[in-house]
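Trainee: If you want the building blocks of each chain, they are given just below.
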Amino acid sequence: MKFSFFHLMPYPYLPDDFDTRYDSSALTYPNANFDPKLGASLYSRYLDELEYADQLGFDGVAVNEHHQSAYGLMPSPNLMAAALTRRTSQARIMVLGNAIGIRGNPLRVAEEIAMLDLMSGGRVDSGFVRGIGWEYFAHSINPTKSRSRFDEAHDLIVKAWTSEEMFSWYGANYEYRYVNIWPRPVQSPHPPVYIPGAGSTETMKFCALHRYTYMSVYAPTPIVRRWFDGYRQAASDLGYVADPEKIAFSVPVYVADTDAQAHAEARPALEWLYHRGLKQTPQMVTPPGYMSPGSLRGVLMSGMRGFAGASYEDLLAAGQAVVGSPSSVAARLRSLYAELGGFGQLIGLFAIGPSTHEQVARSTELFATEVMPELRPLGVAEDAPPT
Amino acid sequence: MPDDAPTGEYLELTGGRVHLFRGGSGEPVLFLHAAGGAGAWLEFHGQLAGAGFDVIAPDHPGFAMSDDFPLVEAMDDLVYHYLDVLDALGLERVHVVGASFGGWIAAELAVAASHRLRSLTLLSAAGLRLPEHPVPDIFLMPPPRLLETLFHDPPPVPAAEPGATPDIDTVLAAYRDTTALARICWTPYLNNPKLERRLHRISAPTLVVAPSDDRLIPVAHAQRYVALIPGARFAEVADCGHAMYFERPAEFARVVASFLHTAQSALSGANQ
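So the sequences go chain by chain: D and C.
Each residue of the first sequence is one higher than the one before, counting from 126 in our numbering.
Each residue of the second sequence is one higher than the one before, counting from 5 in our numbering.
Treat the hints as calculated values from the structure; they're not laboratory data.
Be aware that one or more of the hints could be misleading.
[Claimed, not checked] SDA-like, lysine to any residue: derived pairs with alpha carbons at most 25 Å apart: (1) Lys198/C to Gly229/D; (2) Lys198/C to Ser265/D; (3) Lys330/D to Lys198/C; (4) Lys284/D to Val311/D; (5) Lys127/D to Lys284/D; (6) Lys198/C to Tyr299/D.
[To be verified] Coverage of chain D stretches by chain C, computed from C-beta distances (three or more under 8 Å per stretch; other residues unrestricted): (7) 258-268; (8) 419-425.
The beta carbon of each residue, even a glycine, is placed where N, CA and C say it ideally should be.
Isolated chain D (complex conformation):
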């Protein structure tokens, strides 16, 4: 099992009347509510936390991209990754990912990841995401082109990384007469690619075809199980057994010295994350054309609901957060490992909503010293569960 420390870099200081006054923490939530001085100290603190995870022996430190939101303060994950290249030494630097569906110029992403790969000494992992619904509003990108832009940007970036000859690119969304990037990445053939999945069978097949890491987004265990099984099936259809390390389970994790303390501290943090940070209208979640008819039908039939109605207890029961003392967290992750049919990477969100730095540091430390050694043997190829 490999473990990474994922940061969303939230802006936790929402006003007391947030729940009644605002329908989201994103897109239309006025940035008058953002205090730049507090924001600057958050950045400093959050980078410290990522660096601490590297020191504690996490296999990876992860950042991602979100726009116009208190949910996550990283419009450019590559900037944060660049900062991490100089202050970490062991961990993979995971950009999970660049939102290539909404980027105007995907060649720039190929260039920046190549730069990061050199700066980090070949430690960068490159996630690609479409960008979530509200970001198509935020950057005025047509959501009906989302899939097409994502697919084309991916193909262009990988070719730009790997081609040793200048080439021209003529696609539905992008045209380049000269693709000839300097620098080229140091990892061969290119930095490992991570793709988050949320049920689309196209994405499962795409990941299996390219042998990319398929990572889950926050959802109830039975649903994540279907996604992981879908990925394993797609690999099997291609004639190979999926390497567990290419299946990444991502989940908020909170560890404290005792169960009682952990729950007391995690409850407000998780309620912030799921009820405030992720508060969105249906229009923001699913702008027109963002989902294919088949995927939308799948979501509607699965009965998946928004997070608003999920209580803290519901979230724990559904495997959308793991909370407790080190031994409780290890036991719960073991049971989730079984329920999900196995996975080889755990991407933990340790800095949750309004958690304090001291809480996050303690949680990270307990996880690294007491939970990781327990789970380390799981999820390597030889004990892969049958699909």
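Given the coordinates of chain D, work out where chain C should sit on it, guided by the hints.
Mentor: Here is chain C on its own, set in the frame of chain D:
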């Protein structure tokens, strides 16, 4: 209305099938629907047909019963699409009436091929970029706010049955229509910055109609159309919101029919 009972038909074009309703007899009127109103022969259509016109109401690409036409991805494609539709119908010249999004298509069609139009009627047409009179974002509005924006006197929001789950096919059909709309107009949002400077090319007799209480497309848009289309006339329908042919179908049918009769007689006079 029974006298003008419509027929549902399909036109085969290269890119797919276009569904249309057709009813009435007289000079042909191509009616281009708004974001709402595809796939239905409404009271408005019936009254217009009853006033002595051959009303042809197609569903836009990707709407209701028309095929997706994935290559129709921008307004210029839609203009060529409707020229194909006119050719497939064998109609050299038609009256074109368009509402809101359909009004934008109508204006673009008139700019590109004014010689194919006997007349042009714009019912609170989208299409212009007036930053000082912005159009609110319909894609971001929850349904109750959308109704308040579209109607002068909004109908009550139907109360959902407790625990009822929406019918999946209905949800998917609505999502398909909205997707077809967004494909054309997400950005620039419901406008073509170049349209204004081209409106002088319209030579067809033109009527611009605005509802008195349009909370979606401010009346300044109608006024700009009137100012820039040579000889255009303006009419207002009282006590009505943007959902024109849903809220005041009879009044809209009367205003449009009256103009079409005038345009008809002016043309027959000119042709003699």
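Trainee: Next step is simple, just say for each hint if it's right about the structure.
Mentor: Here is what the structure says about each hint:
Pair hint Lys198/C plus Gly229/D holds up; C-alpha atoms about 22 Å apart against a cutoff of 25 Å. Distance check on the hinted pair: Lys198/C and Ser265/D sit about 19 Å apart at the alpha-carbon level, within 25 Å; holds. A hinted pair counts as satisfied when its Cα atoms are at most 25 Å apart, and Lys330/D with Lys198/C does not qualify at roughly 42 Å. Note on Lys284/D and Val311/D: the hinted pairing holds, with a Cα-Cα distance of about 15 Å set against a maximum of 25 Å.
At roughly 28 Å between alpha-carbon atoms, Lys127/D and Lys284/D are farther apart than 25 Å, so this suggested pair is violated. Distance check on the hinted pair: Lys198/C and Tyr299/D sit about 23 Å apart at the alpha-carbon level, within 25 Å; holds. Only residues whose beta carbon comes within less than 8 Å of a beta carbon in chain C count, and the stretch 258-268 of chain D has 6; three or more means the coverage holds. Residues of the stretch 419-425 of chain D with a Cβ under 8 Å from some Cβ of chain C number 3, which satisfies the need for three, so the listed coverage holds.
In this structure, the hints that do not hold are numbers 3, 5, in rising order.
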